[in-house]
Amino acid sequence: MKLEMGNIFVKDVVLGEENAFEEGILTVNVQGLRDHLLEDHRIGKVNVDLAKPGESVRIIPVKDVIEPRVKVVGEAKEFPGVTSTMATAGKGRSHVFKNAAVVTTGSIVGFQEGVLDMSGPGAAYSPFSKTLNIIVELEPKKGITQHEHEEAARLAGLKAAAYIGECARNLEPDEIETFEMNSNAVEIVKYPDLPKVVYLEMLITQGLLHDTYIYGLDAKQTLPTLLHPNEVLDGAVVSGNCVAACDKITTYQHLNNSVVKELYKRHGKDLVFLGVVLTNENITLQGKLRSCNMATNIAKHLGADGVIVSEEGYGNPDSDLMLNCKLLEEEGVKTVLITDECAGRDGMSQSLTDASPYAKAIISTGNVSHLVTLPPMEKVIGNEKAIEHLAGGYSGSLLPDGSLECELNAILGCTSEIGYHNVTVKEY
Amino acid sequence: MAEKKVVYYINQFFGNIGGEEKAHIPPEETLGAKGPAMGLEGYLQGEGTVVATIICGDNYYNEHEKDAKKTILEMVKKHEPDLFVAGPAFNAGRYGMACGGVGKMINEELQIPVLSGMYEENPGLEGAKASIHIVRTGNSAATMRKALPKMGEIAKKLLRGEALEEPKKEGIFPQGRRVTVFSDKNGAERAVEMLMKRFREEPFETELNVPVFDRVKAAAAIEDLSKATIALVCTGGILPKGNPDRIESASATKFGKYSIEGLDDFVEDAYETVHGGYDPIYANGDPDRILPLDVLRDFEKEGYIGKVHEYFYTTVGTGTSVMNSQRFGVEIGKQLKEDGVDGVILTST
Amino acid sequence: MEIHTNNPLVRNTKCKVIYYKRNCIEFYKIIRDQVHLGAKLLSDPMPASRRMMESPFRSAVLLKPKNINEGVDLPSLETIEKALRYYERMRVMKTPVDKVLMEDFQYVDEQLLQSTLKELGVL
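Protein chains in written order, with our numbering: chain D, 1 to 428; chain S, 429 to 777; chain A, 778 to 900.
If you're looking for bench data, these hints aren't it; they were derived computationally from the structure. Mixed in with the good hints, there may be bad ones.
Under the rule of at most 16 angstroms between Cα atoms (straight-line distance), these lysine to aspartate or glutamate pairs were calculated in the EDC-like manner [what the hints assert, rightly or not]:
{"hint": "1", "chain 1": "D", "residue 1": "Lys-261", "chain 2": "S", "residue 2": "Glu-617"}
{"hint": "2", "chain 1": "D", "residue 1": "Lys-385", "chain 2": "A", "residue 2": "Asp-875"}
{"hint": "3", "chain 1": "D", "residue 1": "Lys-269", "chain 2": "S", "residue 2": "Glu-621"}
Here the structure is a predicted model, which is why all the values come from computation and not from measurement.
One chain only, chain D, in its complex shape (with noise of 0.2 angstroms):
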């Protein structure tokens, strides 16, 4: 399979009345994205704003971060299975804006959080500070469930991110990447001697607000699946988790998994990488075994010599980590598991909910329950309102001079657990 970015970079974007492009400047129809997104009965108003690295603007509470793209050759269109027909994702060109970032917002309910500060030592703990971010705002229409709510925002941010990206069409890429690579048979027999590699990624898939897609379909009803890396790159996974804003997995970070890129470069030099198999998360215990028994069965009747395992979410789901590894490990496979920590404030607590022996490879993206004070911003886009809800501080999160508290727990993409952002963790 071979799929060709082409990567347009984006210099500054600028709200206006045409969709364009030029000179690195980035125009979106404001009025025309609106239109396009109003056109879903159940969203009663779409408002467009604008965040750049570096700016006194905060966001809350973000719901996905989408990047902006157009498919222009190829039978899959952009997000297959989502918003346009069933395709193979993965092959063909796209064109990319690179450093531009649609972001959604809105509370579908109080608790949900995803904060983005563009400047200020808040900006360090999210990977979103450095894009150029265009922040649709969307309220519901009156009398929508909250189902509904999540739904149509969904939607909206991966429309968005189309309509943008449409401009993009028949620009001449400021640079080509190209990710190819043949079946596992042919692979493996040009770099015998490369140790094989499967990437495990496990998906929040528990329900509402804990959701992920694979080409659309609700992935708590699928079971462990083998996909080629470039259909993750690809758009084949789209995110539906607007609860744990430090370590969901934006439609953006889907779209630039750091592990599968990591392991495409190293791909004919150091390993071979055999795939991504994705699995889910789920509540049952019955779903668990099934799960990682499935999961973990897939990698091994690959040949994998060794395994990435990334986690989505925290508590329940650490449970299925450590089967994942015991699993593999007990025949054999070597692991390294990557995940984020909930150590207290003190950073003193237990890390993980659960444990397992095997698990002795682990990268740590960080310790969520570590407090920060934001200063106070010059704008808020969203709802200044979900600042006082934050997990953090002890009466809400606002102190007097309007400075924020709260935990890593509630900043965008801060403790990847795709091992998407810097932060990381050392013991004292």
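Given the coordinates of chain D, assemble chains S and A onto it according to the supplied hints.
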């Protein structure tokens, strides 16, 4: 600038008062540095002075913990020290428990940094390492020459208020505090790099140590209790009065095996507890409260159980090292199995 | 199959619902006691995110034993003990729950339960 003050804690042995026979002495205070405190003071190179040394018998501390702590706190408080140092205890269990216990208390009550030194298997390490800084030492006092300079370096940093570097670099045990920092590589890069190290069989360091819980498989249930031989085992320190085998009241290095053939009941005249970790009044008043021999004999007479095993096993379960605990368990288990015992009432205290 | 919950929003016509007006720790202990009496846990009562851990509402689906001597299901016991131990530890660091958010927490817990029941085939 006022000179920094250090108060030091040592046991009867390092205080040159005596050995085991003096392990019962209550806390006493001398002004200035005594024993290892003198050595440490030298390594402070003028950055601090040991204003007082407190000497306490290891057995006294372990058997009168509450009183010992109270007395020691009063002794230390009045000096208003900037740093408290205890030990090093190397692998001495009771000394380690004392250094750890006293150190933790001083840290909590006086909110000052506390430093000690222990060997990795010292039972005093676990309970104290989160509160105090403990330098890694060898397992015997023969390594004092290496331990003191290390302690001196850390002591200087603590007195200066300097942040300590990573535990491995400093040669101290990690306190278990997870501190969030930034890395120059993202998590995915670090993950793949770690996997490559595993493939190449190169040493790597996990970023998160997961606690390992020792799992012991439960034995199958006894099918017919009326035919079963049941043994009594405890870590509550119940043994014949006078403690003929000299089992220690803390950090026990042995267990005892005693005959109860023909005995229906543990009476206070003949049996006692030597466990230093709980108030012994009720155990001494009626040792059956720890080892329910009287009830088991009733069951035996009724035919509810087959018989009571002729020996009981005992040790003291306070400050016992994990290694010794495992050793006792395996040895006692082996003997019980060989003697045809089917089940055990194991009382921990 | 039974639904045990401390969430007043939970209703179900196909399964018996047992409601306890108790806080999370008390609720977990009740479930633990049920497991000791032979019940099997069909769902994991620990949430999947730090934020949801702060919710005081929990629901669990249990399978009652046919007779009391069936013995204890160890995986169920491990699961509830883990949830209880972790929540007790978190109590030290958790923040008090906003009354404003109580309704939202109830709603999401109830919705997550619906997903669980769907997976178990009882919806």
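> Against the structure shown, which of the earlier numbered hints fail to hold, in ascending order?
Replying inline: none
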